[in-house]
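Sequences listed follow chains A and B, in order. Going by this note's numbering, 53 is the number at position 53 of the first sequence; the sequence numbering is gapless. Going by this note's numbering, 254 is the number at position 42 of the second sequence; the sequence numbering is gapless.
None of these hints come from the bench; they were simulated from the model. Every residue gets a Cβ at the ideal spot worked out from N, C-alpha and C, and that includes glycine. Errors might be hidden in some of the hints.
[Said to hold, decoys possible] Which bits of chain A does chain B cover? Going by a derived footprint, with three or more residues having C-beta under 8 angstroms, they are:
no., stretch
1, 19-26
2, 40-46
3, 64-70
4, 194-202
[Stated by the list, open to error] Distance ranges between label pairs, derived from CB positions:
no., chain 1, residue 1, chain 2, residue 2, range
5, A, P212, B, I254, 34 to 42 angstroms
6, B, A234, A, M157, 19 to 27 angstroms
7, A, A36, B, G347, 34 to 42 angstroms
8, B, L251, A, A180, 37 to 45 angstroms
9, B, N355, A, A133, 45 to 53 angstroms
10, A, A133, B, L276, 39 to 47 angstroms
11, B, L251, A, M157, 17 to 25 angstroms
12, A, A27, B, S300, 15 to 23 angstroms
13, B, R246, A, R19, 37 to 45 angstroms
14, A, R19, B, P220, 27 to 35 angstroms
15, A, D20, B, L276, 40 to 48 angstroms
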Amino acid sequence: MTHVPQEELESLALGELPRDSAAQVEAHAAACPQCARELSWLRAEQTLLASRPRAGTAHLWAGIAARLRHPRRRPHRAWRISVGAAVAAAAAAVLVVTVRPRPEPAAPQATRQRRERPAIDPKALAALDRAEADYKDAAKVLEAEYARLRPRLDPEMARRWDETLTRARAQLGESRAVAADDVNVRMRVLDGYAGYLRSLRDVVQESEEAIP
Amino acid sequence: MIFDREAPGVRRFLGDLLRDDAAADEGTQETFVRAHQRLTTIEDPAKLRGWLFGIARMVSFEHLRRKRRDALPAEPVEEPMQVDQAPSPEAVLLSAESDRVLDGALANLAEERRAALLMRIDHGLGYGAIAAAMGWPLQKVKNEIHRARLQIRASLAGYLDEGAR
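Just chain B, with the same shape it has in the complex (with noise of 0.2 angstroms):
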């Protein structure tokens, strides 16, 4: 069943784009609510984790644009900047608290950067696949993920260098 094999990703990536809980339960739902409706549409069964992706993607800036109107305008997001002098890959796996800082870095990035890499690093979609999700052509999905690399690597290496002193 699509719902069993695929709801764990889309939930997962729904959570790290709402960062709530509650909204990315019902944004899971909303996502296969809507495919649902809309199975017949897709030509290429390979193509179904992309197009729910995408779908999930929709949902959730939907939810953020509501959430949006009443809020204060979000502080700008600090450009990446180049981590050759950072400390090792390998002291960030071994850092207590790399998690946090993850999790805290990930926060940072505006939320179609945000997505663009998670739909790479943590479900494996390709170029082509995030590409169609997100609306964008190819080289913009590659300078995302970069930009959102280095800013990730950035933040893992200020904690560390933050630590160390």
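So here's chain A without its partners, still in its complex pose (with noise of 0.2 angstroms):
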């Protein structure tokens, strides 16, 4: 039997393939099991790689409209004492939550969606919680100087400042509604609290260089 080279299989996989193609792909590899096996094991990669959790983007347009208006000038780390103690109180996080025992393989089941979580450890949900307090304090700092510039700010500036935090802090109380108890998905919301103080850094950074 001849067989359906590999990049029209994985072009079936990615939902590349017009429909009568997609068609004549599949009538095929349900009557050959090497055909099948290779697509069964593109669907099973792209599947792995598609549930993986998607990091925030929107706190990260104000250190590029600052670069952009100022080409020459690297992102400076002026804000590292308040940020200082959240990132290290992340790293502590990080350590407790990484070195819990691995938990043994469960037992197969019959859907992805229905998967064991694993168990709760909690000196990791305990590490989360310092780490995450620590972000939201350090944010504080960085919120008030914001809101101290603010009114001596071109009023335009001001607006899409405050929109792009606006979406940062939505998109990271989502994140976090999300979590709920999963350390793993905890671990990712505390990189968004990261980027987070970073998008104010740019903000309050450029704000006062804004500010005649």
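With the hints as a guide, bring both chains together as one complex.
Dropping the structure here:
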């Protein structure tokens, strides 16, 4: 039996084939165990990759806008003190979470959606809570700084920064609500806090430079 | 807006290449700053995505090169092996730790091979666009993606075999 080229199976798995061609390849795979197995692998890989969490990006625009206005300036580290404690706490949380014992593999289940979650480790959750609280404290420092500068900003610039920060906060809030007690997702939320702090840092820095 | 549409993919790609969230955030910003400066050089808007990923790939490799200057030599990457006797793909999907194993398997791929594989499977770029982004001949793109797949499957199968014992 002549097999379907791997690239064609791959296009089918990625949903790129036109309907007619897809039906032909599916029909071949139904009668060819080798192609069916390859197709299953391709779909499994694609499903696994696609199901990974996605990082937010709304907070990144402020830094890009700042660099486009001041091309020679590199991001500086003026806010290390307020942000540093939060980052250190996050690092401690990461350590606690990553050194926990590896759980035994779960028994196979009927669908991917029903896979077992790792058991909740109270120490890891407590470390994550502490790190999150530190990030929030650091954010408060920078938010207060922005609030102090904001009345002296050009209204259009202030509107843009407000919009950027509101989007970043909304994204963070949604991620936090979804995370609940899932340790791995909470780790991603901490990354979101770090990004929000970087965004705030850029906004404050840009605002300081814009005020005569 | 190009940023709103493409930044999530670029950030994810850089996160997978750099494996460091802060570096991936800064890499995303650097990618879009460079893209903005060169936007007028794009002749075919349909190629925008591949072009952005090409810039992101350069940004990530520059970052990794800087990082390696003080680092120890990398461990040699194991060549792929055939996995004809491996457990089924369905078993891989049902495994509770498949995400972690996949993450480890991706980390073990050489950066360029990982970049090519992710551009294809995770971001849906065609082989031609990947060849342009990587600066490779088309055949090399196909070979690298094929080898990357064999390595990933070998890692997943190895994990499942270990779990079955």
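Here is what the structure says about each hint:
{"no.": "1", "hint": "19-26", "in the structure": "violated (count 0)"}
{"no.": "2", "hint": "40-46", "in the structure": "holds (count 6)"}
{"no.": "3", "hint": "64-70", "in the structure": "holds (count 3)"}
{"no.": "4", "hint": "194-202", "in the structure": "holds (count 3)"}
{"no.": "5", "hint": "A:P212 to B:I254: 34 to 42 angstroms", "in the structure": "holds, 37 angstroms"}
{"no.": "6", "hint": "B:A234 to A:M157: 19 to 27 angstroms", "in the structure": "holds, 26 angstroms"}
{"no.": "7", "hint": "A:A36 to B:G347: 34 to 42 angstroms", "in the structure": "holds, 36 angstroms"}
{"no.": "8", "hint": "B:L251 to A:A180: 37 to 45 angstroms", "in the structure": "holds, 41 angstroms"}
{"no.": "9", "hint": "B:N355 to A:A133: 45 to 53 angstroms", "in the structure": "holds, 50 angstroms"}
{"no.": "10", "hint": "A:A133 to B:L276: 39 to 47 angstroms", "in the structure": "violated, 34 angstroms"}
{"no.": "11", "hint": "B:L251 to A:M157: 17 to 25 angstroms", "in the structure": "holds, 23 angstroms"}
{"no.": "12", "hint": "A:A27 to B:S300: 15 to 23 angstroms", "in the structure": "holds, 21 angstroms"}
{"no.": "13", "hint": "B:R246 to A:R19: 37 to 45 angstroms", "in the structure": "holds, 39 angstroms"}
{"no.": "14", "hint": "A:R19 to B:P220: 27 to 35 angstroms", "in the structure": "holds, 28 angstroms"}
{"no.": "15", "hint": "A:D20 to B:L276: 40 to 48 angstroms", "in the structure": "holds, 44 angstroms"}
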